[in-house]
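Q: Residues per chain, in single letters:
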Amino acid sequence: MLSPRTPPAVTAGSDLPPAAAPLTSVQPDCDSGLIAGLKRRDEAAFVTLLDRYQGQLLRLALVYCRTRDIAEEIVQDTWLAVIQGIDRFEGRATFKTWLFQILVNRARTRAVKEGRSLSFSSISGEAEATGEPAVPAERFRTADDPWPNNWALPPHSWGESSDARLLAAETMELVNQAIAQLPPAQQQVITLRDVEGWTSEDVCNVLEISETNQRVLLHRARSRVRAALEAHFDER
Amino acid sequence: MKGDLMATPDLGDLTCKEVVELVTDYLEGALPPDMRRRFDQHMTGCDPCVVYLDQMRQTIATLGKLPEESVPQNVLDTLLQHFRRWPRERG
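These protein sequence lines map, in sequence, to chains A and B.
Numbered by this note's numbering, the letters in the first sequence go through residues 23 to 258 in order.
Numbered by this note's numbering, the letters in the second sequence go through residues -11 to 79 in order.
In isolation and in its complexed conformation, chain A is listed as follows (with noise of 0.2 Å):
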């Protein structure tokens, strides 16, 4: 059962993001009237950031920890977190990036906890292997063809009717599917970047990684939901 629980133990600003990740530049911050209101104790603003934010949180809290008791209660863990420390939040990071950094820290506790600490242990590293090619090189024409490295097997449309298609729920559990067998870094990437439809330079602000590495990894995730897009579609 999540609820009633006891607020966890949290010392002073214990394992709160400092509030000063570094902005690569100054962003008006969107929510900044209504965390005056939760300053002042304000009910509706808090029920207002809740709502923005709840799904997203608990989105991403799925890519750290698959069991979706363990993500809502991280998800619970965060907003308490923030209740607890709204009042030393100075805004010199948006409170968007401070909130995710909140439940990243947490997420990542827990995933240490669980022994898969190390598959989160290094999103640059992840960034910096070498990765597999967006398309499987036997699709591509060979170094004594005329045409070498252009398409020998080119993607076909996936025709007029591919919006309907791409819609089906049937489509929508294979692209879940698809992102949850990506790499951790990649799924945090694409499913921020994306899913939740965010900018790159809040992604790097919160996931603490580089424009590049970011792209890398972007690059990477998509590629391999379109493949498993058009595997889908060309075996009809």
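If you are wondering where the hints come from, they were derived from the structure by calculation, not from laboratory data.
None of these values were measured; they are calculated from a predicted model.
Derived CB-CB ranges, DEER-like:
{"#": "1", "chain 1": "B", "residue 1": "R45", "chain 2": "A", "residue 2": "E223", "range": "16 to 24 Å"}
{"#": "2", "chain 1": "B", "residue 1": "D22", "chain 2": "A", "residue 2": "D73", "range": "40 to 48 Å"}
{"#": "3", "chain 1": "B", "residue 1": "R72", "chain 2": "A", "residue 2": "A253", "range": "48 to 56 Å"}
{"#": "4", "chain 1": "B", "residue 1": "E56", "chain 2": "A", "residue 2": "E136", "range": "20 to 28 Å"}
{"#": "5", "chain 1": "A", "residue 1": "D166", "chain 2": "B", "residue 2": "K53", "range": "40 to 48 Å"}
{"#": "6", "chain 1": "A", "residue 1": "R90", "chain 2": "B", "residue 2": "M23", "range": "41 to 49 Å"}
{"#": "7", "chain 1": "B", "residue 1": "R72", "chain 2": "A", "residue 2": "M194", "range": "34 to 42 Å"}
{"#": "8", "chain 1": "B", "residue 1": "Q61", "chain 2": "A", "residue 2": "A186", "range": "30 to 38 Å"}
Pairs of lysine to any residue, SDA-like flavour, derived with a Cα cap of 25 Å:
{"#": "9", "chain 1": "B", "residue 1": "K5", "chain 2": "A", "residue 2": "E252"}
{"#": "10", "chain 1": "A", "residue 1": "K135", "chain 2": "A", "residue 2": "G77"}
{"#": "11", "chain 1": "B", "residue 1": "K5", "chain 2": "A", "residue 2": "F255"}
{"#": "12", "chain 1": "B", "residue 1": "K53", "chain 2": "A", "residue 2": "G181"}
{"#": "13", "chain 1": "B", "residue 1": "K5", "chain 2": "A", "residue 2": "T234"}
{"#": "14", "chain 1": "A", "residue 1": "K118", "chain 2": "B", "residue 2": "E56"}
{"#": "15", "chain 1": "B", "residue 1": "K53", "chain 2": "A", "residue 2": "A190"}
{"#": "16", "chain 1": "B", "residue 1": "K5", "chain 2": "B", "residue 2": "M31"}
A few chain B residues that don't get close to chain A, going by computed Cβ distances all over 12 Å:
{"#": "17", "residue": "P21"}
{"#": "18", "residue": "D22"}
{"#": "19", "residue": "R24"}
{"#": "20", "residue": "R25"}
{"#": "21", "residue": "R26"}
{"#": "22", "residue": "F27"}
{"#": "23", "residue": "D28"}
{"#": "24", "residue": "Q29"}
{"#": "25", "residue": "T32"}
Even glycine gets a Cβ: it sits at the ideal position worked out from N, Cα and C.
Once you've looked at the hints, dock chain B against the given chain A.
A: Relative to chain A, chain B alone:
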């Protein structure tokens, strides 16, 4: 390719194998101007790569349409109870 009897489009100097690895940088607007020009030139003559780029766009659009996740109401209720019991800042 002068003298080649087959009418072949000018794909520029990039191969398809290179182009598929540049797609994300292209869509992110991260290609340097010269590379972007070479990419565009390849696209004007290569239908399969146009299909590929289109599929990447469709993939991204599909990812953005996955159903939203939601925390169960009882968890949200518990959080609200915590919020109501939360003391005001001292001072």
